[in-house]
Amino acid sequence: MIEDYRSHPNLAKIKIVLIETSHPGNIGAVARAMKNMGLSQLVLVNPKEFPSQVASARASGAADVLDSAVKVDSLDAAVADCQLVVGASARMRKVSWPQLDVRQTATLAMETLNASETAAPVAILFGREDSGLSNAEMDKCHYLAHIPTNPTYSSLNIAAAVQVFVYELLMATEIKSVHQAEGYRHQLASGERMEGLYDHLYQALQDIEFLDPAKNARFMRRMRRLFNRSQLDVKEVDILRGILTAAQRQADQLQAFKKESDAEKN
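For the sequence shown, the numbering used here gives the first residue as 2, with consecutive numbering after it.
Keep in mind that the hints were calculated from the coordinates and are not lab data. Fair warning: there could be bad hints in the mix.
[Unchecked claim] Derived lysine-lysine pairs resembling DSBU-like cross-links, with alpha carbons at most 35 Å apart:
#1 K72 - K236
#2 K16 - K72
#3 K14 - K236
#4 K49 - K16
#5 K14 - K49
#6 K16 - K236
#7 K72 - K49
#8 K72 - K14
Between the sequences and the hints, there should be enough to build the whole structure, so can you do that?
See below:
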């Protein structure tokens with residue numbers, strides 16, 4: 002029964018993240034949609050106006066969700082502890098990000114959370130009312146997700162979009178974990194760990210003189226897509242960073258050798 006689904010522990014591990022929401026009424030309406038379906042973690046990234054009486058009025062009986070909302074000043078802070086980040090997009094974009102529909106997103110979220118009783122949170126991102134998510138924000142996502150709609154009129158209010166996502170998440174609570182069935186043992190890497198890997202990769206590629214500064218933004222975006230698509234676990238991130246550290250060490254030794262050789266020649 003649906004009444005039982007709403008107390009499912011995995012629903013408490015899903016963050017609904019609103020980025021730079023301009024109308025406080027939308028924040029309140031989102032809180033209400035979340036409580037309808039048993040979700041409670043609302044995160045607000047630089048909202049234009051919050052707290053707000055308008056938000057409180059629109060939240061109706063969901064004041065507890067609104068009052069416990071976490072306000073942060075960056076997307077990194079919002080998803081630092083998350084193992085899976087999905088960005089909601091109003092349209093299927095002509096880019097190489099992995100893309101899902103809303104039902105596939107809900108299935109993946111529950112499979113991911115069911116992998117471990119101590120699983121880190123999953124985040125669903127919703128962008129600005131007028132422009133959605135920026136490219137830089139999409140770079141933080143493992144997947145983009147869309148709601149199939151009438152192609153001649155596909156615009157959804159942000160609260161309506163959240164309502165569809167949280168309904169599908171509620172209905173997916175009985176899904177079992179693929180990772181669990183396969184004997185998956187390691188926790189997926191959090192957003193904070195992945196950002197550490199990307200910073201390390203960027204520095205290491207400069208240290209070994211591989212990265213062309215004129216092309217680094219496009220290259221690093223491709224690297225983010227590659228690793229986000231792979232959904233690395235904690236151990237895999239540690240292995241990759243170990244390889245990068247070894248490469249940096251070799252580059253340092255080579256530089257030292259070159260300096261010694263140049264000094265001897267002079």
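Outcome of the hint check:
no. : hint       : in the structure
1   : K72 - K236 : 31 Å, holds
2   : K16 - K72  : 12 Å, holds
3   : K14 - K236 : 22 Å, holds
4   : K49 - K16  : 20 Å, holds
5   : K14 - K49  : 26 Å, holds
6   : K16 - K236 : 24 Å, holds
7   : K72 - K49  : 11 Å, holds
8   : K72 - K14  : 17 Å, holds
In summary, this structure violates none of the numbered hints.
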